[in-house]
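S.K.: Chain residues, written in single-letter form:
Number of protein chains: 2
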Amino acid sequence: MVLTINSTPRKDGFRMPGEFEKHKGTWMLWPTRTDTWRAGAKPAQRVYVEVAKAISKFEPVTMCVRAEQFENARALLPHDIRIVEISSNDAWMRDIGPTFVKNDKGEVRGIDWGFNAWGGIKEGLYFPWDLDLLVKQKVLEIERISRYDATDFITEGGAITVDGEGTLITTEQCLLNPNRNNNITKEEVEDKLLQYLNIQKVIWLKDGLVGDETDGHVDEVVFFVRPGEVALSWTDDPGHPQYAVLQDAYQRLEKVTDAKGRKLKINKIHLPNQITLSETESLEIDYSCYSFERSPEVTFISTYINCYLCNGAVILPTFNDPQDEYAIEAFKNMFPDREIFPINTREISVGGGNIHCITQQQPLP
Amino acid sequence: MVLTINSTPRKDGFRMPGEFEKHKGTWMLWPTRTDTWRAGAKPAQRVYVEVAKAISKFEPVTMCVRAEQFENARALLPHDIRIVEISSNDAWMRDIGPTFVKNDKGEVRGIDWGFNAWGGIKEGLYFPWDLDLLVKQKVLEIERISRYDATDFITEGGAITVDGEGTLITTEQCLLNPNRNNNITKEEVEDKLLQYLNIQKVIWLKDGLVGDETDGHVDEVVFFVRPGEVALSWTDDPGHPQYAVLQDAYQRLEKVTDAKGRKLKINKIHLPNQITLSETESLEIDYSCYSFERSPEVTFISTYINCYLCNGAVILPTFNDPQDEYAIEAFKNMFPDREIFPINTREISVGGGNIHCITQQQPLP
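Residue numbers (our numbering), protein chains in the order written: chain W, 1 to 365; chain S, 1 to 365.
Worth flagging that the hints you see were computed from the coordinates, not collected in a lab.
Do not rely on the hints blindly, as some may be mistaken.
Copies of the same chain look alike in the list, so a pair counts if it fits in one copy or across any two.
[What the hints assert, rightly or not] Once the Cα atoms are required to be at most 25 Å apart in a straight line, the calculated DMTMM-like pairs of lysine to aspartate or glutamate come out as:
id : residue 1 : residue 2
1  : LYS11     : GLU190
2  : LYS11     : ASP80
3  : LYS53     : ASP149
4  : LYS263    : GLU123
5  : LYS186    : GLU123
6  : LYS263    : ASP12
7  : LYS265    : ASP207
8  : LYS105    : ASP80
9  : LYS192    : GLU339
10 : LYS260    : GLU59
11 : LYS42     : ASP130
12 : LYS24     : ASP104
13 : LYS24     : GLU143
14 : LYS268    : ASP207
15 : LYS24     : ASP80
16 : LYS57     : GLU143
17 : LYS11     : GLU107
18 : LYS24     : GLU172
19 : LYS57     : GLU339
20 : LYS57     : ASP286
21 : LYS22     : GLU143
22 : LYS24     : GLU107
23 : LYS201    : GLU107
Chain W extracted, bound-state conformation (with noise of 0.2 Å):
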């Protein structure tokens, strides 16, 4: 029974699980924005079937398109990835997706949580974003899983992280940004976090990456391995552009201890170089006053933290970058029990994101 329920998760004892907890499968979003994607999406396209192809091989996939791209869609998508009509404004699923949240008695929910297309009408990525804002109960409509309504607090699945256990890392830069919540506290965004996610402790990280479309999502920045380790994006060159905001975070992850009261170790994953649109490139996608310039000036985010850990693997962006070997090679040590799948994803980079952008994970119950 689709119902949303006039509680929330901490009171009804459901938590966040972390993205390595088992999956029942992952949800994905249809790229088509021709002010976002160059060539008509059609580059990007080819790297979320990529994406979705190597996730399908651990678990099961749905993609969510338009009316207009199922038969292209289909005609692209091998025939064990389920398609189901789902229109969107963009194709970010951790960001317009639910977030999912269960029990110990094999139940799970959905949060939705408000949207505004990370930022609103004038900060904001693109305007409208009413079929963005609908997705959530979509999915969970298919699903038949009941809803939260956490509409009237803004935030985005790509601006948390959770261990499962009761911690959650966050950037103030995002989660206390006006252009999301205006007049609202620090204290109150904590309630909100704790009650919905039922987690015990925010880490509060100040900056997410310099560049960030999004204003600083954490999920460029650092990401839970397993409970007590997380892995964060690294620069030893103190020239580089994002050298401090990452002293920072690390330094603030070096000091805190979780909900569980441990200490973090700490992984650092070296950045690969950033990535830029060719003037070529840069033609190829439509001009809109309300979107996000993608000029060749503009420095698009690249680093190996934006990947998604699914059943028995991580999919792992890699950029044709000399850092790659040593990436992979530093997931291999962290996850001996994962396969490694890594994919070249410059695509969806200069989209705006990465594969932890365009992937939502549901629990199994």
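Following the hints, position chain S against chain W.
M.R.: Same frame as chain W, but now just chain S:
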């Protein structure tokens, strides 16, 4: 795994169950066409809601809606009715949805028939029908049900009724109509039905009801109450426009035996008065050169036979007609173990069908 199977249900041991067998649930489509439905489809939507609510007392209902009607449908339908985004050109799930088949091992599959809006560009009811064409596949994808590709044979769910034990009834007017499959013989049609529905015997009526927009769908004429027993639209009045058609149907049904060699028990269900639109109502319907004309001169079909059998109930169309009470009584006698649930469905009749036309059962595995 959603897979298109390169075989036929007959080869694989799957058969179409009778509608009276147990359902997993019911699929419906949300009406929106302003050239089919008067007053922006609002009166029709209210009756669709009543039908969905009635069925949902007995089994799960999924309503498929276009993106732009998701919120409105969600507001009008109770929360235990699932709503999914599936775009369509009109709202007749019987004809636009898949036909489900099952085997003895607990597996269910779906048939994706060809469709041309009941007659193609010249004789069909609207143009285009591009969205309708994908509805069958989209329903199957959501349920992760494998698909038989029968798109080279154009037919509709309303054109057939089966007893689940090898017998199918249809009309020559519809299934041999060159506006569906040109240059196809009766034997070839029978072979398609045998291969895909795994029946043994086709009982051919000559025509459907006079004025039926679908070229004589059998589901306005007769349906299987249970194996060996049917209910037939009826009139004793030789001046009634449907008299000749129904006499002919009766004589054919009286003579035949079914696939198991049984004579059929025939329940005659007297027709209510036929229905017309008022001048005012007709003016509330948009004009389109491709669409069926809905003027006050047109008579719309009304019959209790276009009912829907769901788990433990019959959802029965009524018309605020003196005949209603006799029909309810007759249905109670035919179905002593089912609840008879009457709904005034005039607003669906004037769109060209009734409760059977707007529903499609998904059998229990």
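S.K.: Each hint should be assessed against the structure and marked as holding or not.
M.R.: Tested hints:
1. LYS11 x GLU190: Close inside one copy (16 Å), not across copies (60 Å); limit 25 Å.
2. LYS11 x ASP80: So LYS11 and ASP80 pass the 25 Å test across copies only (23 Å; inside, 38 Å).
3. LYS53 x ASP149: Between. Shortest inter-copy distance 24 Å satisfies the 25 Å Cα cut-off; intra-copy 32 Å does not.
4. LYS263 x GLU123: Neither. Shortest intra-copy (37 Å) and inter-copy (74 Å) distances fail the 25 Å Cα cut-off.
5. LYS186 x GLU123: Result: close within a single copy only, 21 Å intra versus 65 Å inter.
6. LYS263 x ASP12: Answer is neither: 29 Å inside a copy and 59 Å across each miss the 25 Å cutoff.
7. LYS265 x ASP207: Result: close within a single copy only, 20 Å intra versus 77 Å inter.
8. LYS105 x ASP80: Between copies only: 21 Å across chains, 29 Å inside a chain, cut-off 25 Å.
9. LYS192 x GLU339: neither (35 Å within a copy, 47 Å between copies)
10. LYS260 x GLU59: neither (30 Å within a copy, 46 Å between copies)
11. LYS42 x ASP130: The answer is both: 24 Å in one copy and 23 Å across copies each meet 25 Å.
12. LYS24 x ASP104: within (15 Å within a copy, 28 Å between copies)
13. LYS24 x GLU143: both (11 Å within a copy, 15 Å between copies)
14. LYS268 x ASP207: Within one copy only: 17 Å inside, 76 Å across.
15. LYS24 x ASP80: both (15 Å within a copy, 23 Å between copies)
16. LYS57 x GLU143: both (21 Å within a copy, 20 Å between copies)
17. LYS11 x GLU107: Classified as within: same-chain Cα gap 14 Å, cross-chain 40 Å, threshold 25 Å.
18. LYS24 x GLU172: neither (32 Å within a copy, 48 Å between copies)
19. LYS57 x GLU339: Answer is within; shortest intra-copy Cα gap is 11 Å, inter-copy 47 Å.
20. LYS57 x ASP286: This pair counts as neither: shortest intra-copy Cα distance 35 Å, inter-copy 50 Å.
21. LYS22 x GLU143: both (17 Å within a copy, 22 Å between copies)
22. LYS24 x GLU107: both (12 Å within a copy, 21 Å between copies)
23. LYS201 x GLU107: within (24 Å within a copy, 47 Å between copies)
The structure does not agree with the numbered hints 4, 6, 9, 10, 18 and 20 stated previously, though it agrees with the rest.
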